[in-house]
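Here the structure of chain A is known, so what remains is to put chain B in place on it, guided by the hints.
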Amino acid sequence: MTPARRGLTALLALLLAWVVAYPLLIVALESVRGQHGEWTLAYFQRFLAEPREWRALWASLWTSVASVGLAAVLGVPLAFLFERYEFPGRRLIGALVALPAVLPPLVGVIAFLFLYGETGFIARLVQAVLRLEEPPWRLEGAWAILLVHAYSMYVYFYLFTRAGLAQLDHAALEAAQSLGADRWRTLRRVTLPLLAPSLKGAALLTFMTALASFSAPYIFGGGFRVMTTQIVFTRLNGEYGMAMVQTVVLSLLGLAGLWLAGGGATVARAGGKGVAPRPQPIASPALRLLATIGGWTLGVFLLLPHATLVLLSFVPVGTWTVETFPPAYTVANYVQLLTEPTRLRPLGNSLWMATLATVVAMAVAVAVGLLATRKRAPLAGLVERLIAVPWLVPGTVFAVALASAFSVHAPWVARIILVGTVWILPLAYVIRNLPLAGRAVLAGFRALDPSVEEAAHSLGAGRWRTLRRVTLPLLRPALAAGATLAFVTALGDFVVSIILYTYDTRPLSLEILSSLRQGDVGVAAAYGVLLMLLSALVFALGSEREVVAR
Amino acid sequence: MSEGLAGPRRPWRPGPESVAPPRHPAGRLLRRGAWAAVLLLAACGDGRVPLTMYSPHGRDHLTLLEREYERLHPEIDVRWLDLGSQEVLDRLRLERVNPQADLWFGGPTTLFQRGIQDSLLAPYRPSWAGRVDPSGVGPDDLYYPVYRTPTIIAYNRDAVPDSLAPRDWDDVLTPRWHDKVLIRDPVASGTMRAIWGLILQRSLRSTGDTAAGMAWLRKLDGQTRTYALSPALLDAKLARQEGLVTLWDLPDILIAQSKGMPFGYTFPTSGTAVIDDAIALVRNARHPAEAKAFIEWVGGTEAQLLAAEKVFRLPARHDLPEARVPAWVRTVEREMVVEPMDWALLAERGATWMGYWDQHVRGTGR
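Protein chains in written order, with the numbering used here: chain A, 65 to 614; chain B, 20 to 385.
Chain A with its partners taken away, still in its complex shape (with noise of 0.2 Å):
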C-alpha cells in the first residue's frame, strides 16, 4: 500500500466520520447534559426506571426482527423465480415487484388507508360481501406495522437476491450438480452461502429501516408504541433531555446490530470466471400456469396501492367518502399541478438533489468496497461501519444531528454554518444514501472473484483499466441496484427534508405535505403519481442490466 493510497484512505474515513458520525455524538453528549449545561446521568436514570420505555423497546427489537424474517420470506423466493424461471409475463411482473420501493411518502400511506383501512375499499368489500354491521378489522396496532414493513421493505431482500444471483456462477452449480448434489443440497451447500453476502447485506437493511421506521407506527400503531414514535411524542412534549436518551438507546440497538452482522465478514467468494444460469423454462405445463397465476395474482396485490392512489388523483375534493368507488371523476387536480408554474418547481429540485446525491453516495460507495474488499487498508473497516451508521438513527434524527451540527460557525472545532443554504439538503441525501449504495455495492465487490482482477492485471491492465474494463462491468448488477435504491430514495424523502430544505430546495415530498395540510388529497395524489412514474422509470432504466450485462 503506498502512503499516497494510505492518505486517501485516512482523508476519507475523516471526511465520513466528519459528516456522519460528528452530528452523531453532538446528539450523544445532549442526553448527558442537563438544562442548564451540566453534565448529569438523570435522564438515564429516569429511562432505565420506567417500565414503557422498555415495553417500548422491546417492541421496537421484536417487530424489527419479525420484518426482517416476514420480509426475507417474501422477498427471497420471489427473486428466485424471477431470476431463474421462465414463464410468461415474468419480464414485466419482474419490474413491477419492485413497486413497492416508489410508493411516495405520506400521500402513500393515505393511499393504504383508502384500501386496506377499516373504511378502505377492501374492508368495505369484505363488510358487504359478508354482511357485516361493522368495519371487518381496524388497521391498527402490531400487525398493521408489520403488515405495512413487510410490504414495503421485501424489496431489499428481492432486489439485492437478484442482484446476487445475477452474479452467481453457472459453473459452480453445476459442478455441484455433476459431483451428485440433488436440488436441495446444491441450494444449501452452494447457491446460499454464494448468496450470502447479499442476504446479509439485505438483513441488516431491513432490520435497520424497521427499527427506524416512523411512518408506519406513527400512523398505524395506535396505542401500540416503539422507539421512533416514543421519540417523537417526548421531544412534541419538550422533553429535549429524555428524546436524546431515547434517541441514543435506539441507536446503541442498532449499532449491536451492524456489529452482530458485520462480524462474519470472512464468506465464500464465488468462482466468478463464467455466467450466471440462463432462467429457465418450466417444464410441467401445470408449474407453469401456477407460476404465472401466482405470479400475476402478486403483481396485481403489489400494484393495489398505486392503483389507488392513481385513483385518488382523479377524485374532486370531499366527494369519495361512504362509496366503494369514487362518484365523481375530474382531471382537475392535474391541471392545477401543471398549470401553476411554482408547483412544478419542486420537480425540479427533487431531480437534480437526487441525482447529485446518487452519484456521489455511489462514488464513495465504490472507493469504500475497493478499499474494503481489495486493498485491504487498515482503516477499511472503519470506514465501512461508517458509512452504515446513517441507518441506525431515524431520519429525524439524523437530519437534527446535522442541522444542529452545522447551525453554528466555529470552524476550530470543524462546525461551520450550512443551515438555510443550498448544501445541507443535497448533503443530506448523499449521507443518507450511503448505507443503500455502500450495502449493495460491498456484496457486489464480496460475490466477486478477484482472481478475475488479478488476470487483468497480469495481461498488463493498469488500475485504472481494470477498474473500468473489468470490475466495474461486473458489478454492474449490484450498481445498478444500489444507484436505484439510492436515487429513489432520495427522490421521496421527507423525513429529512421536511428539517432542512429551504426556499431554493423544497422538494416533491413537501409539495405533497403542502397539499395534504389543505385537505387537497387530489392534488396530493396526483404529485404522488407523478414521483412514482419518476421512479419507476428509473428501476426501469436500472433493470435495462439485465439486457446489457448478459
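Simulated from the structure, these hints should not be mistaken for laboratory data.
Cβ atoms here follow ideal geometry from the backbone N, Cα and C, with glycine treated the same way.
Treat the hints loosely; a few may be bogus.
Anything over 12 Å on all C-beta distances counts as not near chain B; from chain A, calculated [to be verified]: (1) 69; (2) 125; (3) 289; (4) 344; (5) 473; (6) 481; (7) 540; (8) 581; (9) 602.
Between beta-carbon pairs, the in silico distance windows are [claimed, not checked]: (10) A:110 / B:226: 43 to 53 Å; (11) A:103 / B:277: 53 to 63 Å; (12) B:180 / A:201: 35 to 45 Å; (13) B:135 / A:103: 22 to 32 Å; (14) A:100 / B:321: 27 to 37 Å; (15) B:289 / A:100: 40 to 50 Å; (16) B:150 / A:79: 51 to 61 Å.
Just chain B, lined up with the frame of chain A:
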C-alpha cells in the same frame, strides 16, 4: 391551525462559539459562492427584495396574501415556507446565527412565548397596536395578534343531523358518541393543547386540582375511536365516517366546508378557548424594514377583510367597519361564548399536563 406531521425538535442551546460572527475568509468565500449559486438557481435576478416568512397558515392563505402584497408592492418578492407551527419555532432556533426568515407569521401565542425565551424575536409596534385585544400582545411589542382561532365541536353532517349534534363539551361524553369520537393527537397539536388546557383549567378553578379534569379526559379517551396523527387524516376519517364527532378549530372546518366536505360545527355553550394567532419580526432578520411594512399591512383593514372573506380567518382587529365584515364573522361573534384562558399558566404547566396525560390517561378510558 395547520400543523405538519413532524414535531418540534431538540432546542438549540447557545454555546460560547455561537455568538462569534462569521469572519473566516474561506468560509465567507464559500458562503458567497453558495449564495451566488442560490441566486442563479432561483433565477431571481429580477431585482426584487425577497421577503421570507415561516408560517403554518397553509398554501391557499399564503398564496392569497403573496399575490395581493406583490400587486401592491411590485418591488417585493414574497417567499414563504408553509411549516407546522412547532416547526417554525425549531427552524428559527436552528437558524438563529444565520436567520433565513424575516417574519414568523402564525401560530398560538404560547409558542411565540417560547420564541421569546430563546431570544428569537425582535420588537415592532404596528400602528394598529391599540386596536387588538391586549391579551394577545407580546411583552415589549415582541408579537401581535393577527387572527383569532376559536376551538369548536365538529361533526359529519351526512351522519349527524344538526339538531342532534353535541352542544357542549360534556355532550361529547354521552353514550350516543361512544366509539364515535375522533381526536387529533393532542401532544402534536396547538389547538388540542388549548382544549386540554381549557378542561384542566376549569378543573383547577372549581376544585383546586387537575384530577377532575384528568378524569374528564379519561372519559373522553373512552369515547375515542382513534387518535388522528395529522389534520389530513382527521379530515379523511371524519369524512369517511370512521368517527362522527371531533374537537377542532373553526378556520380548518370552514375551509373544509368550502371545499365540499360534509362538516358541521357548534360552539360549546359553556364557553370555548379562542387562540390568538400572532405575527412577529425575526431577530437579526435580513430585511427588517420590508418585514415591518408587511406586519403593518397584514393587520390593516384591507388585509384583515381579505383573509376573513377568502380563507375564513377571524380578524384580531375589533374596529373593522361593520358593513364590510363578512356575514360569517358577524354570526360567529354573536354565537361564540369566549372562555377566559390563562395562557401564561398553560405555557408554564402545559408540558407537565400533556406528559401526564400521555403516560397515564391515554388508552385507559375503556
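Tested hints:
{"no.": "1", "hint": "69", "verdict": "holds (27 Å)"}
{"no.": "2", "hint": "125", "verdict": "holds (21 Å)"}
{"no.": "3", "hint": "289", "verdict": "violated (10 Å)"}
{"no.": "4", "hint": "344", "verdict": "holds (47 Å)"}
{"no.": "5", "hint": "473", "verdict": "violated (4 Å)"}
{"no.": "6", "hint": "481", "verdict": "violated (5 Å)"}
{"no.": "7", "hint": "540", "verdict": "holds (33 Å)"}
{"no.": "8", "hint": "581", "verdict": "violated (5 Å)"}
{"no.": "9", "hint": "602", "verdict": "holds (23 Å)"}
{"no.": "10", "hint": "A:110 / B:226: 43 to 53 Å", "verdict": "violated (29 Å)"}
{"no.": "11", "hint": "A:103 / B:277: 53 to 63 Å", "verdict": "holds (55 Å)"}
{"no.": "12", "hint": "B:180 / A:201: 35 to 45 Å", "verdict": "violated (29 Å)"}
{"no.": "13", "hint": "B:135 / A:103: 22 to 32 Å", "verdict": "holds (28 Å)"}
{"no.": "14", "hint": "A:100 / B:321: 27 to 37 Å", "verdict": "violated (47 Å)"}
{"no.": "15", "hint": "B:289 / A:100: 40 to 50 Å", "verdict": "holds (42 Å)"}
{"no.": "16", "hint": "B:150 / A:79: 51 to 61 Å", "verdict": "holds (57 Å)"}
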